[in-house]
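S.K.: Residue-level listing of the chains:
Protein chains: 2
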Amino acid sequence: MPEMNDAFEEIEKHRAQIDEIDRELVALLNKRAGHSLVIRGLKPEAKMGLFDAKREEEILVKVTGYNEGPLYNENLREIYSTILKVMKETPSL
Amino acid sequence: MPEMNDAFEEIEKHRAQIDEIDRELVALLNKRAGHSLVIRGLKPEAKMGLFDAKREEEILVKVTGYNEGPLYNENLREIYSTILKVMKETPSL
Numbered sequence: 001m002p003e004m005n006d007a008f009e010e011i012e013k014h015r016a017q018i019d020e021i022d023r024e025l026v027a028l029l030n031k032r033a034g035h036s037l038v039i040r041g042l043k044p045e046a047k048m049g050l051f052d053a054k055r056e057e058e059i060l061v062k063v064t065g066y067n068e069g070p071l072y073n074e075n076l077r078e079i080y081s082t083i084l085k086v087m088k089e090t091p092s093l
Numbered sequence: 094m095p096e097m098n099d100a101f102e103e104i105e106k107h108r109a110q111i112d113e114i115d116r117e118l119v120a121l122l123n124k125r126a127g128h129s130l131v132i133r134g135l136k137p138e139a140k141m142g143l144f145d146a147k148r149e150e151e152i153l154v155k156v157t158g159y160n161e162g163p164l165y166n167e168n169l170r171e172i173y174s175t176i177l178k179v180m181k182e183t184p185s186l
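If you read the sequences in order, they're chains E and A. FYI, the numbering used here numbers position 23 of the first sequence as 23, with every residue one higher than the one before it. Converting from the second sequence to the numbering used here requires adding 93 to each position, the first position being numbered 1.
It is worth saying that the hints were derived from the structure and are not from the lab. Here the structure is a predicted model, which is why all the values come from computation and not from measurement. Careful, some of the hints might be misleading.
[What the hints assert, rightly or not] Quick list of in silico lysine-lysine cross-link-like pairs, BS3-like style, CA-CA up to 30 Å: (1) E:Lys-47 with A:Lys-106; (2) E:Lys-13 with A:Lys-181; (3) A:Lys-136 with A:Lys-106; (4) E:Lys-13 with A:Lys-178; (5) E:Lys-62 with A:Lys-178; (6) A:Lys-178 with E:Lys-88; (7) A:Lys-136 with E:Lys-85; (8) E:Lys-88 with A:Lys-140.
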């Protein structure tokens, strides 16, 4: 069944590209966490509370503003809810 | 209070860098979703089921393998659980 093998090979190629994207995503998420931890450390000095609902909403608005699909804004909102939740849980440096 | 203003300015700089990272993250997540949708379209031809628990576990293992911190592996697993869930929910192209 040549078509079946062709389709499988195509899938493998796309999976290899996804693996490459995941490598970049992990690096960026860690870079983001690094900035987030520095900010957390600076907040007491800046007399700012650790949790900032306005900033979280601002992030979600920006993120959906960058969106060119195929993900829907609600998909990105869901991913970012988890990202922002996790960033808050990461222990300080 | 100069220290307070300095700390606030520092925070603003890190937030600007986070905004830049978020722009890249959104682009990468959409690129990932594009490959994911192509794969979904090819699966029937390749006689593969739409859901592949082995591949999902493989992704989580790879992702934590790329991890150099400060995020913990469990943080990345949580983010990726949402990413993989959302990718499955995205309507086909």
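S.K.: In ascending order, which of the hints set out earlier in this document are inconsistent with the structure?
M.R.: Violated hints: 3, 7, 8; rest satisfied.
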